[in-house]
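Colleague: Protein chains in written order, with our numbering: chain W, 5 to 708; chain L, 5 to 708.
Hints listed in this document are in silico derivations from the structure and should not be mistaken for laboratory results. Take the hints with a grain of salt, since some may be wrong.
Intra- or inter-copy, both count: the list cannot distinguish identical chains.
[To be verified] 20 angstroms max Cα-Cα, derived SDA-like pairs, lysine to any residue:
| # | residue 1 | residue 2 |
| --- | --- | --- |
| 1 | LYS505 | ILE297 |
| 2 | LYS673 | GLN570 |
| 3 | LYS585 | GLY508 |
| 4 | LYS673 | ILE560 |
| 5 | LYS553 | PHE536 |
| 6 | LYS22 | PRO518 |
| 7 | LYS587 | ILE304 |
| 8 | LYS673 | SER643 |
| 9 | LYS505 | LEU549 |
| 10 | LYS507 | THR294 |
| 11 | LYS550 | LEU623 |
| 12 | LYS591 | ASN349 |
| 13 | LYS12 | HIS515 |
| 14 | LYS12 | ARG521 |
| 15 | LYS550 | GLN700 |
Take a look at the letters that make up each chain.
There are 2 protein chains.
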Amino acid sequence: QDWRSRTKVEIFQYVVLKWTLALLIGLGTGLVGFFNNLAVENIAGFKLLFTNSLMLREKYYHAFAAYAGCNMALAIAAAALCAYVAPAAAGSGIPEVKAYLNGVDAPSILAPKTLFVKIFGSIFGVAGGFVVGKEGPMVHTGSCIAFLLGQGGSRKYRLTWKWLRYFKNDRDRRDLITCGAAAGVAAAFRAPVGGVLFALEEAASWWRSALLWRTFFTTAVVAVVLRGFIDFCHGGKCGLFGEGGLIMFDVNSAKPTYSTPDLLAVILLGVIGGIFGSLYNYLVDKVLRTYSIINERGPILKIVLVVAISLLTSCCSYGLPWLSQCIPCPADLGDPCPTVGRSGNYKNFLCPPNHYNDLASLFLTTNDDAIRNLFSSGSDKEFQLTTLLTFFVAIYGLGIITYGIAIPSGLFIPVILAGASYGRLVGTFLGSFSYLDTGLFAILGAASFLGGTMRMTVSICVILLELTNDLLMLPLVMLVLLISKTVADCFNKGVYDQIVKLKGLPYLEAHAEPYMRNLVASDVVSGPLVTFSGVEKVGNILRVLKITKHNGFPVIDEPPFSAAPQLCGLVLRSHLLVLLKGKKFTKQRVRDASDIMRRFKANDFAKPGSGKGIQLGNLDIKEEEMEMYVDLHPITNTSPHTVVETMSLAKAAILFRELGLRHLLVVPKTLERPPIVGILTRHDLMPEHILGLYPQFDPHRKKP
Amino acid sequence: QDWRSRTKVEIFQYVVLKWTLALLIGLGTGLVGFFNNLAVENIAGFKLLFTNSLMLREKYYHAFAAYAGCNMALAIAAAALCAYVAPAAAGSGIPEVKAYLNGVDAPSILAPKTLFVKIFGSIFGVAGGFVVGKEGPMVHTGSCIAFLLGQGGSRKYRLTWKWLRYFKNDRDRRDLITCGAAAGVAAAFRAPVGGVLFALEEAASWWRSALLWRTFFTTAVVAVVLRGFIDFCHGGKCGLFGEGGLIMFDVNSAKPTYSTPDLLAVILLGVIGGIFGSLYNYLVDKVLRTYSIINERGPILKIVLVVAISLLTSCCSYGLPWLSQCIPCPADLGDPCPTVGRSGNYKNFLCPPNHYNDLASLFLTTNDDAIRNLFSSGSDKEFQLTTLLTFFVAIYGLGIITYGIAIPSGLFIPVILAGASYGRLVGTFLGSFSYLDTGLFAILGAASFLGGTMRMTVSICVILLELTNDLLMLPLVMLVLLISKTVADCFNKGVYDQIVKLKGLPYLEAHAEPYMRNLVASDVVSGPLVTFSGVEKVGNILRVLKITKHNGFPVIDEPPFSAAPQLCGLVLRSHLLVLLKGKKFTKQRVRDASDIMRRFKANDFAKPGSGKGIQLGNLDIKEEEMEMYVDLHPITNTSPHTVVETMSLAKAAILFRELGLRHLLVVPKTLERPPIVGILTRHDLMPEHILGLYPQFDPHRKKP
C-alpha cells in the first residue's frame, strides 16, 4: 500500500534485503540442520556403543538399564523443555506452519523460545530412540528462523531495524516463512529440490513464481552449507558423525529391470500401502484426541506420558531382538559381519562369531541406519519374514502412539520406517515371483506409505529420489504414489490437514465446498455489524474496540460529509489503536486529514511482530478526550474488496482465498438499503460455521 | 456456474472423464514422443550412414551432395507443411501455449492441422540436421492433443460428445492443456518430474494443487509408455533406434569432488553464461523481427529462407570438420575408436586408422549424440580447444538464425548444445587448475546457458538431473542456474516472454507494474461503454453486436423494472448469440424468464470449441422480429466481480489476474452517477495501452 511513496533507493534496499534474508535463512537452517545431525549421531552413537560394550561383557541387565536410562533421560529433557518452556514446540510443526501460511495469525507458533525448544527438543527426542523424525521439527525451525530474521530479532537486536520495516506486512513475512519451510526440508533430507517442492505443494497456500526462485536460492544455500560441513567432517573431526555423503540412503548400485508381474506386485503394494496409510492417519487422529485429554491436565502428566512411551520404546528395541534367532553371515560379503559398532547392516547381538541378529540390526540403531539397512540392495535374504513382520508391527504401533506426546516429533521418518519394512516384507514374501530387489521393494513400500499418509505426490517423489539417488525407479515410484494417494483419499484427509483441523485452526481450503454454491454471500455474514462514521467520537471507538473482537470495521460517510450514507472503506483495529495513541483529536466534528497525515509516518502503521502491537489497555485516554472526535479518513482503506450480497458464496470464498484477504465487504444489491450488509472473515467461511447455520447442507447429517 | 444443477452421477462422470482424459493425453503424447524419436533416429541415421559409406569410398563430393540433398529435401518438406498447411506450427510453440494458458484465446494455435504439421514438421526438421530441438514442438503437440481430446475430436468424432460437455469451459480446458504441456516435456526429455515442474514454472499462469497431481499422473503415464517402448526396442526391432535407456545423457559414472577454486570457476562460468544467454535472447529477437518481414511476403519466400538456412547448416556440418586435424586415439579406451557408424564418440572422418576427427564427432551426428559426446566424462583430452571454439561459434550462430524460420523448432537443444560446448571449452581451458571433469563443465555450461535464456530454475535443474542422472552435481547446477539467471535478468526478459511480446499476444503478468500504483481503475477504462437494459430490443442487440467487438456487456435494470437504474450484471456475446438464435422474443417489454429457461439447457451456453460458435452472420432475424423484445435476465451473470472506480489499478490488475477474469466491472463510488463506469478487460491492462494513455509513466520515455 505504501509502495507508491517509496523511492528507488528504498526499493533497492528492499530487494537487497530480501535476498540477504533468504541467504541468512539458508545459512541458519543449514547450520541448525547440520548441528542437529551432528548432535543426534554423537549422542545416539555413544549410547549405542556403551550398550553394546556392556552386552559384549554379557552384562545384559546393565545394558538394558543403560540403554533405557539414557533414553529416558533424553526423553525427560525433551519433554520438560516442551511442557514448561514452549508447549507450541510439541509435535511436527508442519500443520502450524501450513496454517500460518494460509493466513492464520498465531504468533506463539513462531516465537523465539519455540525455536529454541524445537531445536534441542528434537535432538533429544531423536537421540532418545523415539520413533520420530527430525524433518517436521526442521521445517518448523526453518520457519521460526525466517520469522525471527524477518522481524529483526526479538526486540533487543535492533541492528537492521530500520531496513526491516519493509517486511512488516503479511505478504513479505509469509514469503520468508515459505523459504524457511523449504530450507527445513532441504536441511533435514539434504534434498534441496525436494524442499522447494514441499514448500510449494504442502506448505504454501499462495504461490508466485518469484517465490519459486527465492525458495530455490534458499535451499541451494542450505545444500552448499551442508556439503561444506560434510566435507569438513570427512576427516573424522566430528566425533561419531562423518560417514555418509550428501545422499542419505544411496542405493544407486541396484539396476532395476522389471516385467509385467512386477508391475502387478507394485500396484498391489500401492493399494495396500494406501489402506495402511489412511489407517495410520485415522489412528493418529484417535490417539491425538486421547492424548489431548491427558496433556490438558498439566505439564507433569505430559512428562509422565513421555516417560511411559520412552520406556515402552526401549523395551521394544531391546527386548524384541531376543525373540529372533542368530543367522549365519552370508559368505560373499564386502561389509563386515557381524558388526559390533554403532551402525552397520549385520548386528552382532548375542550371537556367536559369524552370526548376526537381524532384528537387532533394525531395532538397536538410529532410525536413519534402520532405514539404510532396509533399503540396502543385494541382500535379499538378510531379514527373515518374521523379523520384518515383528518390526513392521512394532514400528507402526510405536509411530502412532509416539506422535502427540510432548516432544518435537516428525512424521516422515516413522512413516518411511514402517513403509520400508512393509515393502521389504512384501518383497521377501514375493521373492520367488519377482525380479525386483527387496531393497527396491522397501523404497516402494516407503513411497506407498508416504503417499497414503501425507498425500503429497511430486515432492515426495523428488525427496525420495534425492534420498536414494535412484532415478531409474522413478516411474515405479510415481505409480505407487499415485495409487496409494488415490486409495487413501477414499477414506480420509492427509495427516497434516487432519491435525490442522484437530487443532481448530481456521484453515481455508483452496476449493469451495459444493454446498456453498447453493448459498449467497449475505447468508453467512454473522453477528451485529459495527460501523464507524467517517469522523467518529473517540469514546465510541474505544467502547467498540473493547466490546468486540473484530479486526476490521467498515467506515460509512454520513451527512454532512456526503449527500447520503455511503461506504467509505475499511479501517483496521491495529490502525485505530495507533491513531488513538497519537491523540490527534478535535473538538468539533470536522475533517482534518492533512493534520493527521503530518503526525504519522507510514511505518507507524506497519504490522507489528508477535506481541509488539499496541494493547488496548495501554491507551491512556482522558475523560474529556472521550467526547472529542477523530477523523478516520486518513487511515481508511478506501477501496476494499467488495462483493454483491447476491454473489454465490462459492465465488466469494474463492475470491477471498485467491487474493488472501482478511476482510471482504458485502454490499447490497439495491440502493435503498444501508450501504453495507456485512463483513466476511475467515471464520465466516469455515465449514463448521456455515453448516451450523444451515444444517440441511451437512452431508454427514442423519436424515430425520 | 452450472455445477449446482449437477447430480452425483454427473459429478462422478466428470471426475472419471477428467482422469481418463489425463490418461489419454499421457498415452497420446508418449506415443507421439516415441514415434518422433524413432523416426528421427532412423531418418538421420540412414542419412549419416549413407554419407559415411560414400566418404569411406573417398567420393567426397558425392557424399556432400547426398548429405546436403537429404537435409534439403527434409527441410523443404517441413517448410512446405508449415507454410501451406498450418503457419501456426512454425517455431517453438511454447510461447503460444503459455499465452493460451494465460487466457489468450487464439484457437488456431491448437487446431488439429497444427498438431499434424507440428509432429511431422518437427521430425523432418530435426532429422534434416537443423540446429533445432524437439521439446518445444513436443510441448505444443501435447497441448494440441489435450485440446483435441478435450473437445472430443474435430466435429466428426462424436463418440463421447455428451460426456465432454463438462469440459466446455475455460478452466477445465486450461487444465487439460497444462497436462498436455507437462506430458510434452516428459516425452521430449524422458523427464516426468521435470515436465510437471516445467508446466508449473513456465507454462501455467494459474495453479492449483489438484493440477499438480493431475500433471504428475499424466507424466507418469508418459514415462511408463516410453519405458515400455524402449524395452520393446532393446531387441533391435526398431531399426537404428534402440540404444539408450530412459536417461538420455547418463553421466552417472563421474564422481565430482570439488574445491574452492572449482567453485570460483563455476561462478565465473555462470556469469559469462548469463551474459551469453541474454545476448542469445537479444539476437533471437532481432533475427525474428527480420525474418517476420521476409515471412510475411508469402509461403514461397518462407521456403526459400528455410532452404538457405539448410544449405548453410549442411556446409557448416560437412565443411568445418575439414579444418580440424586428425588426432590419434587415446590408448586405454573401452569405446571403439574411430567409429564409422551413425553415432559414437570418436568419428573417423578422413583419418587414417587409430585416428579420429574431433570436429566431425560433434558436427556429423545428430544433435542428441553431439550433446552426449560433449557431456561424456573421463575424456578430458578428446576435444581440442580450437575445435570446441569453432563448434561453439558455429552452433551459437546457427541456433540464432535457425529459430524463426518456418519449421517447428525447439530452443532447448540448441541452447544446451551451445552451452555444453562453451562449458567444455572453459573446462578444457582451465584443465590444469581444476579437478572437475570437463564433461561436468559441459553440463554446468549447458545449465548456465539454459538459465540465461529460459530463466527457469527448478524445472531446468530437475530436467538436467533427469537427463544426466547426476544427483551429486545438484548444488553446483543450482548455483550456476541462480547466477546465470540473475545476471541475464539484468539485461532482458526470458526468451519465451520476449516471443510472446513480439507476437503481440496480450499476456498478463503476474505482478502489477509499479506505475499502476499511481493510477486508479477508472483511469484506464476505454472506449464508449455499451450497456443493455434488462429487457432489450432485438434490433438494438444486433446492431451493437455488429458495430462492436466487445465480448461482454453490462446489463442495467431500468424503470419500470426497478426504482432507479441499477446494475443487473454482465452478459456475454456468445450467450447473446445463443439467445438470439433461440428466438424467444416477446412483443411487449415484459420479463418472461421462466419461458426462456425452459427453452434452453445449460449446455447450450457452454463455451464452443475452435470455430464452432454461432456466427453473427448465421442469425436469421426477420424484420418484424427486430422490433420485438427479449429478456436478458436469464443469461445475465448477476454477480460479476466488481471494483470501485477509486481502487488502485495495481490492486485491480492483481484481482483480475489472480481470479483469471475476462471482464471486471468498474462501479462508481458515489450513488448519484450511472450505476457503472466501465469494463476492464485484458487489453486495458496491457502496459502498451496504459502507457499510451499516460506516457508520463513510461520509464523508457526520453525526458523532453
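Colleague: For a quick check of understanding: which of the numbered hints are violated here, in increasing order?
Modeller: 3, 7, 9, 12 and 15
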